[in-house]
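Student: Please build the complex by placing chain B on the supplied structure of chain A, with the hints as guidance.
There are 2 protein chains.
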Amino acid sequence: MIYSPTVEPTGAGLDDEPASTLIARSVLARSGRITELEHFHRWMADEKRRSHMDVRTVPLESLRGWRVDGHTGNIGHDSGKFFTIEGLDAKVPGGPVPHWQQPIINQPEVGILGILVKQFNGVLHCLMQAKIEPGNCNGLQLSPTLQATRSNYTRVHQGSAVPYLDYFRDSTQHRVLADVRQSEQGSWFHRKRNRNMVVEVSEDLEVLDGFCWLTLGQLHQLLAVDDLVNMDARTVLSCMPFAGPDLLALFADSRDEFTAALIRSYSAEAVARHTMAEVLGWITDVRTEQVCHVELIPLREVSHWRHEDGKISHDSGLFFNVIGASITAAGREVRAWSQPLIEPCDEGVVAFLAKQIDGVLHLLVQAKTEPGYVDVIELAPTVQCSVSNYDALPPEARPPLLDTVLSAGHEQLRFDAVHSEEGGRFYHARNRYLVVEVASDFEPEHPSYRWLTLAQLVDLLRHSNYINVQARSLIACLHGLSG
Amino acid sequence: MIYSPTVEPTGAGLDDEPASTLIARSVLARSGRITELEHFHRWMADEKRRSHMDVRTVPLESLRGWRVDGHTGNIGHDSGKFFTIEGLDAKVPGGPVPHWQQPIINQPEVGILGILVKQFNGVLHCLMQAKIEPGNCNGLQLSPTLQATRSNYTRVHQGSAVPYLDYFRDSTQHRVLADVRQSEQGSWFHRKRNRNMVVEVSEDLEVLDGFCWLTLGQLHQLLAVDDLVNMDARTVLSCMPFAGPDLLALFADSRDEFTAALIRSYSAEAVARHTMAEVLGWITDVRTEQVCHVELIPLREVSHWRHEDGKISHDSGLFFNVIGASITAAGREVRAWSQPLIEPCDEGVVAFLAKQIDGVLHLLVQAKTEPGYVDVIELAPTVQCSVSNYDALPPEARPPLLDTVLSAGHEQLRFDAVHSEEGGRFYHARNRYLVVEVASDFEPEHPSYRWLTLAQLVDLLRHSNYINVQARSLIACLHGLSG
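The listed protein sequences correspond, in order, to chains A and B. Position 221 (the first sequence) corresponds to 221 in our numbering; numbering is contiguous. Position 241 (the second sequence) corresponds to 241 in our numbering; numbering is contiguous.
Only chain A is shown next, with the shape it has when bound in the complex (with noise of 0.2 Å):
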């Protein structure tokens, strides 16, 4: 029984269509504003040609503008904005490494990671743009329409406006899709934030240079590129309600099983494994029972790390390095800063094991714990870590189910791409994606994990705390693979 009110809900008219529905017939749409991607890789060649950016290794304590504390060795801004370098003690017991030490960022400040979108002709379209960062690989990546830290958009950089943000920071006209706090890498990040929004606009809006209309079935294919898609683009592309029961019906026509599998994943009403009751309960279980002791400690204690040579290393050479980067960049506006970086040591892999379970397509999720995190644990990817760093750990370290995913045979690979982490922090910091298919009858035999379907997730989405970085790059990813 529906009772229409007379009282129209804030920003949203009552003949809008359920956004479950517009976003479904976005994924569908492969032509836009757009048409051919072939126009769009274009489009992404001549920015490239346009912007450069030049990215200097500099010692960590002669970093302009960034000081090293006398007392603590903790690294700081001398505006004492933006983010300081310090130290972290965890102790998680029963964990695979029950104490241990290393360096992390502390941003306390909440940014905004925020998508546009708009309809043209039916079909919404988000407002992408192509930015340069200084951590990435190859310059240029696809972001979201604003990506700012609070220091940015309160104009510490002292830089020019930052475009379109006055949509997110007063979006009582119009209608809110998404917005909701997300947690970024919980290995690298103490308690990071970032508000991930997606605000639909009606009126008209001048596509700045740099910035670009897309559908969210053209963003799916180019999900598909290595290093295209950037971090933040696909944590706000992740957090869209891409659910609902509607769903079946937009895409009847899937051609294989995997996708069909994949479709019904979206929808409330499909059976899953464990009920969200359930699945909340577990939740509930491991924060209350997992021991998880952070602290933060000054960066000049923390054991079996050395600031030598500029730079902040672990003993072993392996995990990262802290290093400072002097950055130029020159495009459409000059600017000069330095800033230090995380260099991860090397490449990681994040990956799903996925499988059917009467038609309906399960991912296998764990309860991971990162020192970072706000609350304990939060749902990861089925394997997610860097091989080379279980060469100084005990062999039980081991992530359990990482040789089934090393070793699964190319036709169990239903997604395999390689993507940057956010190009801000991180230097060259690239994962290798991929979801793994697996025979209904596989079982894990560790405790830490349960399968769970697309619109769980999606529902666990709308909250924070809930869904890591990592697993939200990869549901990205898999709304890639409906369309």
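Hints may be right or wrong, so weigh each one.
Unchecked claim - Here are some, though not all, of the chain B residues that point toward chain A, as calculated from beta-carbon distances under 10 Å:
| id | residue |
| --- | --- |
| 1 | Gly-65 |
| 2 | Ile-112 |
| 3 | His-190 |
| 4 | Pro-241 |
| 5 | Arg-287 |
| 6 | Cys-292 |
| 7 | Gly-317 |
| 8 | Leu-318 |
| 9 | Arg-430 |
| 10 | Arg-432 |
| 11 | His-463 |
| 12 | Asn-465 |
Said to hold, decoys possible - Taking lysine-lysine and the BS3-like style, the derived pairs with C-alpha atoms no more than 27 Å apart in a straight line are:
| id | chain 1 | residue 1 | chain 2 | residue 2 |
| --- | --- | --- | --- | --- |
| 13 | B | Lys-118 | B | Lys-48 |
| 14 | A | Lys-91 | B | Lys-311 |
| 15 | B | Lys-311 | B | Lys-91 |
| 16 | B | Lys-311 | B | Lys-81 |
| 17 | A | Lys-91 | A | Lys-311 |
| 18 | A | Lys-81 | B | Lys-91 |
Claimed, not checked - Each pair of labels, with its calculated beta carbon distance range:
| id | chain 1 | residue 1 | chain 2 | residue 2 | range |
| --- | --- | --- | --- | --- | --- |
| 19 | A | Gly-70 | B | Lys-91 | 20 to 30 Å |
| 20 | A | Ala-392 | B | His-446 | 52 to 62 Å |
| 21 | B | Pro-298 | A | Asp-441 | 37 to 47 Å |
| 22 | B | Gly-65 | A | Arg-306 | 27 to 37 Å |
| 23 | B | Asp-170 | A | Asp-441 | 24 to 34 Å |
| 24 | A | Ala-224 | B | Gln-119 | 27 to 37 Å |
None of these hints come from the bench; they were simulated from the model. Note that CB positions come from ideal geometry on N, CA and C, so glycine has one too.
Tutor: This is chain B only, laid out in the frame that chain A set:
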């Protein structure tokens, strides 16, 4: 389209009815294992005769088993367990009081508040306990099956084993209807959370002395009685997944317009004033923009509070006192212990304004900052205060809608009862709980309020940190009006 699984969901048979249907049928059952409520009241009176508790006020500094730290003035148990009384410094720029200090209970352990439920002749019954607590003004109140701190159940007390604990500690063999950590009083507790659990059992179990089976319909009638259903029972009852379109069919013969609007409000299909995306976006926005700096400080340094005459009080004589109590319980077992208690100086008012929007009941919630919350704000009732506290504060601090509640005519009062807060920590802490219906054109002038349906509140109650304990109590009372 529904796909039936070959693998059964953990702990739930396929022939199980949806939890919401089971719950609704129990709400309608005014008779169960106990056929008449008169029998219940007789049983409760018997229990009261068999139990006795002597609570004497003693100076904080002479509490047996507790010590006042010579350096900080903090009060803690010799074992280091249970809880401490510490100081708190809170800065909430833009709030009615932008900066203050106060004593606060620090109880980092997550306890369990659990209700066991079981079907008898297809009707769900709750296993409730008649439990005496030192802070209860009337001694014995009706409590959940289990109400235990971690110190309790790991036996710091050295008391007898905690009855029914195992059903909650290992719930994998049972259907879990709810399992979520919820906050408690954010003005008196620093980040305290308890696990609220509802676990369905199918096997026979022994009903121990002091326990009885009641239907939800019976419990709901008892919620109208002053000081009977304790806070822990109310918060667990509020977390029952009591929503779903099928409720409309079950409650088809609602007698009056208000009850009909209430029942419609439980349907996820009812058109709500705001979409969930808007509600979640609003919460994200407030949590991002509202600054709330909270820091634990030594109790000795808390300004405007003094430790004198064996207790801690505010200079104004308002707010609350921290007192010491020496307790002797006689009944099935004899126990004696001492502990600090928070004694509020006045009874409080906790009220929802409710209105019908196109036949669907909406409740007016506020985004309320309390210093003990984990995440800046939680959704609170329209009004939640102790009226006399405002004698010490500037007039503009008076809660905006308090007068609307206090001046409501008898014909607007849908619910009105006095309930006690947690008697294990609070001494004679009572609130008048009200639901006041206002005309459908009533709108608050203050921007921190939103009209939500019960389906939306029930949805948010599956997750931590959204709905505060006072709102949960009132939601339990609203459930009670549906039958």
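Student: With reference to the structure, classify each hint as holding or not holding.
Tutor: Each hint, compared with the structure:
1. Checking B/Gly-65 against chain A: minimum C-beta separation of about 26 Å lies over 10 Å; hint violated.
2. Using the Cβ-Cβ criterion of 10 Å, the hint placing B/Ile-112 at the interface with chain A is satisfied: the shortest such distance is roughly 9 Å.
3. Taking 10 Å as the C-beta contact cut-off toward chain A, the hint placing B/His-190 at the interface is violated, the least distance being around 16 Å.
4. Because the smallest distance between the Cβ of B/Pro-241 and any Cβ of chain A comes to about 7 Å, under 10 Å, the interface hint for this residue holds.
5. A distance limit of 10 Å between C-beta atoms decides the matter here; for B/Arg-287 the minimum to chain A is near 7 Å, and the interface restraint holds.
6. Checking B/Cys-292 against chain A by beta carbon gives a least distance of about 13 Å; that is not within 10 Å, so the hint is violated.
7. With its C-beta approaching chain A no nearer than about 38 Å, B/Gly-317 sits outside the 10 Å limit, and its interface hint is violated.
8. Given hint, B/Leu-318 at the interface with chain A, is violated; its Cβ is 34 Å from that chain's nearest Cβ, farther than 10 Å.
9. For the restraint placing B/Arg-430 at the interface with chain A, the shortest Cβ-Cβ distance is roughly 30 Å, beyond the 10 Å limit, so the hint is violated.
10. A cut of 10 Å between beta carbons decides the hint on B/Arg-432: the least distance to chain A is about 30 Å, and the hint is violated.
11. Evaluation of the B/His-463 hint against chain A yields a held restraint, the C-beta minimum of about 6 Å falling below 10 Å.
12. Among the interface hints, the one on B/Asn-465 holds; its C-beta lies about 9 Å from the nearest C-beta in chain A, closer than the 10 Å criterion.
13. For the hint pairing B/Lys-118 with B/Lys-48, the CA-to-CA distance comes to about 26 Å; that is within 27 Å, so the pair holds.
14. Between A/Lys-91 and B/Lys-311, the direct Cα distance comes to roughly 38 Å. Violation of the 27 Å bound is thereby established for this hinted pair.
15. Distance check on the hinted pair: B/Lys-311 and B/Lys-91 sit about 25 Å apart at the alpha-carbon level, within 27 Å; holds.
16. Between B/Lys-311 and B/Lys-81 the alpha-carbon distance is near 21 Å, which keeps this suggested pair within the 27 Å criterion.
17. Distance check on the hinted pair: A/Lys-91 and A/Lys-311 sit about 25 Å apart at the alpha-carbon level, within 27 Å; holds.
18. Restraint check for A/Lys-81 and B/Lys-91: the C-alpha separation of about 20 Å stays at or below 27 Å, so the hint holds.
19. For the pair A/Gly-70 and B/Lys-91, the beta carbons lie near 29 Å from each other, so the given range of 20 to 30 Å is met.
20. Checked against the hint of 52 to 62 Å, the pair A/Ala-392 and B/His-446 passes, with Cβ atoms roughly 56 Å apart.
21. With their beta carbons about 60 Å apart, B/Pro-298 and A/Asp-441 fall outside the hinted range of 37 to 47 Å.
22. With their beta carbons about 48 Å apart, B/Gly-65 and A/Arg-306 fall outside the hinted range of 27 to 37 Å.
23. Distance hint check: the CB atoms of B/Asp-170 and A/Asp-441 are about 26 Å apart, consistent with the given range 24 to 34 Å.
24. For A/Ala-224 and B/Gln-119, the hinted distance range of 27 to 37 Å is not satisfied, since their beta carbons lie about 51 Å from each other.
Taken one by one, the earlier hints fail for this structure at numbers 1, 3, 6, 7, 8, 9, 10, 14, 21, 22, 24, listed in ascending order.
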